[in-house]
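A.B. asks: Use the sequences and the hints to build the structure in full.
Numbering (the numbering used here), first residue to last: 1 to 213.
The hints are simulated quantities; they were obtained by calculation from the structure and are not laboratory data.
Every value quoted in this text rests on a predicted model; they were computed, and no experiment measured them.
Careful: at least some of the hints might be erroneous.
[What the hints assert, rightly or not] With a straight-line Cα cutoff of 30 Å, these simulated DSSO-like cross-link-like pairs (lysine-lysine) come out:
id	residue 1	residue 2
1	Lys62	Lys106
2	Lys106	Lys57
3	Lys62	Lys49
4	Lys49	Lys106
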Amino acid sequence: MYTPIPCNTIRGVIFDLDNTLVSSALDFDWLRQQLNCAADVDLLQYIAKVPDATYRKQLEDKVVEHEIMDARQSSIMPGCYALLSYLRQQNIPTAVVTRNCIQAAKLKIDHHCLQFNRIVSREDFPPKPAPDALLDIIQQWQLAPQNILYVGDYLYDLQAAYRANMPSCLVTNGEDLPFTDQASIVVQQLGGLMYILREQAYMLSQEHARVEV
Numbered sequence: 001m002y003t004p005i006p007c008n009t010i011r012g013v014i015f016d017l018d019n020t021l022v023s024s025a026l027d028f029d030w031l032r033q034q035l036n037c038a039a040d041v042d043l044l045q046y047i048a049k050v051p052d053a054t055y056r057k058q059l060e061d062k063v064v065e066h067e068i069m070d071a072r073q074s075s076i077m078p079g080c081y082a083l084l085s086y087l088r089q090q091n092i093p094t095a096v097v098t099r100n101c102i103q104a105a106k107l108k109i110d111h112h113c114l115q116f117n118r119i120v121s122r123e124d125f126p127p128k129p130a131p132d133a134l135l136d137i138i139q140q141w142q143l144a145p146q147n148i149l150y151v152g153d154y155l156y157d158l159q160a161a162y163r164a165n166m167p168s169c170l171v172t173n174g175e176d177l178p179f180t181d182q183a184s185i186v187v188q189q190l191g192g193l194m195y196i197l198r199e200q201a202y203m204l205s206q207e208h209a210r211v212e213v
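C.D. replies: So, in structure tokens, the structure goes:
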């Protein structure tokens, strides 16, 4: 348990992919059973620790196969297009950091005609909750981590953001999640985040106007 990083002026936004920007119907419990992974063990960590390289590759290929099938059946999440359009209008850079393989991630992003400054998959850095991918984007964008918001739908997203010293936004999709108190912002859908960012931009413009006067 930790206190989330306060959300100040947002100058960059990084998104999770599945069930944040696009839908995912991946059944991880079923996948764990198929790959003989215990229910309380992270699937990617389990595969990474398999000592036999040939068997490990077989497990990786099975996961990729299911991810690609899921990508072909995905749909856009409510408020996604409007939020991304608003961020483009405000010249706020965007990126995706996903635990997906790069093939599935790009398939989903291209299929729904989404555009980002950068897409990072598990092939590039250790997967979330490791903060490595977020830290690399911080360095690339040359922004303070407190001014970059990470948006996701799961505990790993909040943990990765906290470890990168950046605020987080949890998209609940209407679910009663047990880790909402670990997020800097909580919204049901992406439209709620757009409202918050608009309000923040308005308040900032008002402060600048007072200073100029």
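A.B. asks: Flag every earlier hint the structure violates by its number, smallest first.
C.D. replies: none
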